[in-house]
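Going down the list, the protein sequences come from chains A and B.
If you're matching positions, the first sequence starts at 1 in UniProt numbering and goes up one per residue.
If you're matching positions, the second sequence starts at 1 in UniProt numbering and goes up one per residue.
Read the hints as simulated data drawn from the structure, not as lab findings.
Beta carbons: idealized from backbone N, C-alpha and C, even for Gly.
Watch out, some of these pointers could steer you wrong.
[Said to hold, decoys possible] Listed next, the stretches of chain A that the computed footprint assigns to chain B, with coverage defined by at least 3 CB atoms under 8 Å from CB atoms of chain B:
1. 61-73
2. 119-127
[To be verified] If you want a taste of the chain A side facing chain B, the calculated C-beta under 7 Å gives, among others:
3. LEU96
4. LYS97
5. GLN98
6. LEU101
7. LEU113
8. PRO114
9. ASN301
[As the list claims (entries may be wrong)] Straight-line alpha carbon distances no greater than 27 Å define the calculated DSS-like cross-link-like pairs of lysine-lysine that follow:
10. B/LYS257 / A/LYS8
11. A/LYS176 / B/LYS6
12. B/LYS2 / A/LYS92
13. A/LYS14 / B/LYS2
14. B/LYS249 / A/LYS174
15. B/LYS111 / A/LYS174
16. A/LYS176 / B/LYS2
17. A/LYS92 / B/LYS253
18. A/LYS97 / B/LYS3
19. B/LYS253 / A/LYS97
20. B/LYS2 / A/LYS174
21. A/LYS92 / B/LYS250
22. A/LYS234 / B/LYS257
23. B/LYS254 / A/LYS38
24. A/LYS97 / B/LYS257
25. A/LYS92 / A/LYS176
26. A/LYS135 / B/LYS2
27. B/LYS257 / A/LYS92
28. A/LYS92 / B/LYS3
29. B/LYS6 / A/LYS14
30. B/LYS3 / A/LYS147
31. A/LYS14 / B/LYS253
32. B/LYS249 / A/LYS14
33. B/LYS3 / A/LYS176
34. A/LYS92 / B/LYS6
35. A/LYS97 / B/LYS250
36. A/LYS38 / B/LYS253
37. B/LYS254 / A/LYS97
38. B/LYS257 / A/LYS38
39. B/LYS206 / A/LYS176
40. A/LYS147 / B/LYS6
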Amino acid sequence: MNIIRLSKLTKYFKVAKRSGGVISSFSSILNRSYDTVKAVDRISFSITEGELVGFIGPNGAGKTTTLKCLCGLLYPTQGEVSVLGYNPFERKPDFLKQISLIMGQKNQLWWSLPAIETFRLNKEIYEINESDFEKSLNELTTLLEVKSALSTPVRYLSLGQRMKMELIAVLLHKPKILFLDEPTIGLDVIMQKKIRDFISQYNKKFRATIILTSHYMFDVQKLCRRIIIIDHGKLVYDGNLTRLVEKYANRKIITVIFSHENIDEVNLSKLGTIKSYIHPKAVLTVPKAKTKAAATELLNNFPIEDLNIEEPEIDDVIRLIFSKKNK
Amino acid sequence: MKKYLKIISVSLQEYFAYKMNLIIWRLRIIISIMISYFLWDTVYQSKPVIFGYDISRMLTYFLLLFLVNSLVLNSQTFRIAEDINFGYLSNYLLRPLNYFLFVLSRDIADKFLNVIFSIVELIILISLLHPPVFYQENVLNIIFFITAIFIASILYFEIGIILSLIGFWSRETWAPRFIFFILVSFLAGVYFPLDILPQGLYSVLKLTPFPYLIFFPLKLYLGGIERTFISSGFFIMIAWIILLGFLVKKIWKKGLKIYTAEGL
Numbered sequence: 001m002n003i004i005r006l007s008k009l010t011k012y013f014k015v016a017k018r019s020g021g022v023i024s025s026f027s028s029i030l031n032r033s034y035d036t037v038k039a040v041d042r043i044s045f046s047i048t049e050g051e052l053v054g055f056i057g058p059n060g061a062g063k064t065t066t067l068k069c070l071c072g073l074l075y076p077t078q079g080e081v082s083v084l085g086y087n088p089f090e091r092k093p094d095f096l097k098q099i100s101l102i103m104g105q106k107n108q109l110w111w112s113l114p115a116i117e118t119f120r121l122n123k124e125i126y127e128i129n130e131s132d133f134e135k136s137l138n139e140l141t142t143l144l145e146v147k148s149a150l151s152t153p154v155r156y157l158s159l160g161q162r163m164k165m166e167l168i169a170v171l172l173h174k175p176k177i178l179f180l181d182e183p184t185i186g187l188d189v190i191m192q193k194k195i196r197d198f199i200s201q202y203n204k205k206f207r208a209t210i211i212l213t214s215h216y217m218f219d220v221q222k223l224c225r226r227i228i229i230i231d232h233g234k235l236v237y238d239g240n241l242t243r244l245v246e247k248y249a250n251r252k253i254i255t256v257i258f259s260h261e262n263i264d265e266v267n268l269s270k271l272g273t274i275k276s277y278i279h280p281k282a283v284l285t286v287p288k289a290k291t292k293a294a295a296t297e298l299l300n301n302f303p304i305e306d307l308n309i310e311e312p313e314i315d316d317v318i319r320l321i322f323s324k325k326n327k
Numbered sequence: 001m002k003k004y005l006k007i008i009s010v011s012l013q014e015y016f017a018y019k020m021n022l023i024i025w026r027l028r029i030i031i032s033i034m035i036s037y038f039l040w041d042t043v044y045q046s047k048p049v050i051f052g053y054d055i056s057r058m059l060t061y062f063l064l065l066f067l068v069n070s071l072v073l074n075s076q077t078f079r080i081a082e083d084i085n086f087g088y089l090s091n092y093l094l095r096p097l098n099y100f101l102f103v104l105s106r107d108i109a110d111k112f113l114n115v116i117f118s119i120v121e122l123i124i125l126i127s128l129l130h131p132p133v134f135y136q137e138n139v140l141n142i143i144f145f146i147t148a149i150f151i152a153s154i155l156y157f158e159i160g161i162i163l164s165l166i167g168f169w170s171r172e173t174w175a176p177r178f179i180f181f182i183l184v185s186f187l188a189g190v191y192f193p194l195d196i197l198p199q200g201l202y203s204v205l206k207l208t209p210f211p212y213l214i215f216f217p218l219k220l221y222l223g224g225i226e227r228t229f230i231s232s233g234f235f236i237m238i239a240w241i242i243l244l245g246f247l248v249k250k251i252w253k254k255g256l257k258i259y260t261a262e263g264l
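So here's chain A without its partners, still in its complex pose:
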């Protein structure tokens, strides 16, 4: 069953044009001109219950805008959105009780009060009964190791602790759909892994549907089988993560270690693109079909100590897709 369905979702923003300088600032008072920014441009996809989907794109690609349309914060310029059978923009209480949006940089906690106050308020807002509340709170605070910080005013918490509290605040009502926008931003490596594990557990335990955006490709790689890539508001790829690498990675990466410094860079660059060369290590990207020839050439005509051929990293594949699109 499709739990989320987008059809040709489009969202334009009107942005006031402003060129620098005092004079133009003054003239902008009288006549303002606007630019239309196509934040999301006819995107369609659907997601079934229990899926964990990675949502990827460079900054400003339209990821957050799409998520905001999915939870009813933004009114779509065109197209249709259906989440759990609801039109999100109507923001029916029954719909809102089943979703949560978590954003790495946002703050829903009451800044000057201890986090527990926000949690208790959410308990009332989501009409969670006392025993369920105690149970979830206990579970979440144990797992995220923030029990002792519950009664500290939020403004005194560290970034990591605050992020954990934010997570707890949006999970107490056990949403069926989670929209996670950069949930691990600003966290240390250990915490990132914890959150990651937690997301995966939550997905399995409650058959929750999760859409995740992250700049750390590692998060996505670990968690999501399916990814959706958007760029400049348009859908670029929707499908299996491993197949993406096969499809787009028409290059391989050759890493070589030279035995002495006397290298003819001009000749080296004929074999492929030199990604980096800091003696003694050079990294080349070479078209797939020419990999073998390039490797032979290297071994024969260059002072090679070590040579390594790999598939490109997922990061690189995605960078490749974006740079291709932008050309």
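Please arrange chain B on chain A, whose structure you already have, making use of the hints.
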């Protein structure tokens, strides 16, 4: 409804985290009212009755202003503009919560605290200054007074919301609010009872919502008000509430469609 009670209690707790803010705010009100109070006190040195008010009624007008001001003109509705411009609104929109009831709860907490302060201030001022206080003995006048305050706070609540909803279209909501605040203080009768104005101006003013925020309730307490003004007054207030309520709904719906959830 339990959720809104909880919002009131959380809002109250928040005030105590910023005690200084509240104290300074109260100080501002005390100073502003006391200036008018002493001004009028001096004016009465030479004449016993001015514009049909004797000294006890005039000074009581300003003393009661403490209470009416706390109940009517104290409002947190300006925070709606902040909520919109900084994207905090998203937090509320995402939850099964009626945003306006949320704002109302925040206002109730605010008014509750301010009323307590103003009562304490009044007691202190009366015992220090020994002013000639006018006590209204007619119960009907007191009932009208209380009812009018209640309706007036709803009216001002709506006005505050509309001014803040400008935030959907402009980031600069502070300037119109500031001008409005000065205007409202003047037109509502914070500086003087409005019936001392020239008759023509006064009758035009009576068609606007402003006199009903401060002057009308106080006049009901002080008595000596024509019967026709009592009924027309309540009628005009309610008419404004219906009209503005309709406007709030319209503007809110329009605003949400262009809301960009910035900063979040």
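So, going through the hints one by one against the coordinates:
no.	hint	verdict
1	61-73	holds (count 4)
2	119-127	holds (count 7)
3	LEU96	4 Å, holds
4	LYS97	5 Å, holds
5	GLN98	10 Å, violated
6	LEU101	6 Å, holds
7	LEU113	6 Å, holds
8	PRO114	9 Å, violated
9	ASN301	57 Å, violated
10	B/LYS257 / A/LYS8	18 Å, holds
11	A/LYS176 / B/LYS6	25 Å, holds
12	B/LYS2 / A/LYS92	19 Å, holds
13	A/LYS14 / B/LYS2	40 Å, violated
14	B/LYS249 / A/LYS174	32 Å, violated
15	B/LYS111 / A/LYS174	35 Å, violated
16	A/LYS176 / B/LYS2	24 Å, holds
17	A/LYS92 / B/LYS253	15 Å, holds
18	A/LYS97 / B/LYS3	14 Å, holds
19	B/LYS253 / A/LYS97	22 Å, holds
20	B/LYS2 / A/LYS174	20 Å, holds
21	A/LYS92 / B/LYS250	19 Å, holds
22	A/LYS234 / B/LYS257	22 Å, holds
23	B/LYS254 / A/LYS38	20 Å, holds
24	A/LYS97 / B/LYS257	22 Å, holds
25	A/LYS92 / A/LYS176	15 Å, holds
26	A/LYS135 / B/LYS2	21 Å, holds
27	B/LYS257 / A/LYS92	16 Å, holds
28	A/LYS92 / B/LYS3	17 Å, holds
29	B/LYS6 / A/LYS14	38 Å, violated
30	B/LYS3 / A/LYS147	24 Å, holds
31	A/LYS14 / B/LYS253	18 Å, holds
32	B/LYS249 / A/LYS14	23 Å, holds
33	B/LYS3 / A/LYS176	22 Å, holds
34	A/LYS92 / B/LYS6	21 Å, holds
35	A/LYS97 / B/LYS250	26 Å, holds
36	A/LYS38 / B/LYS253	23 Å, holds
37	B/LYS254 / A/LYS97	25 Å, holds
38	B/LYS257 / A/LYS38	16 Å, holds
39	B/LYS206 / A/LYS176	55 Å, violated
40	A/LYS147 / B/LYS6	22 Å, holds
Taken one by one, the earlier hints fail for this structure at numbers 5, 8, 9, 13, 14, 15, 29 and 39, listed in ascending order.
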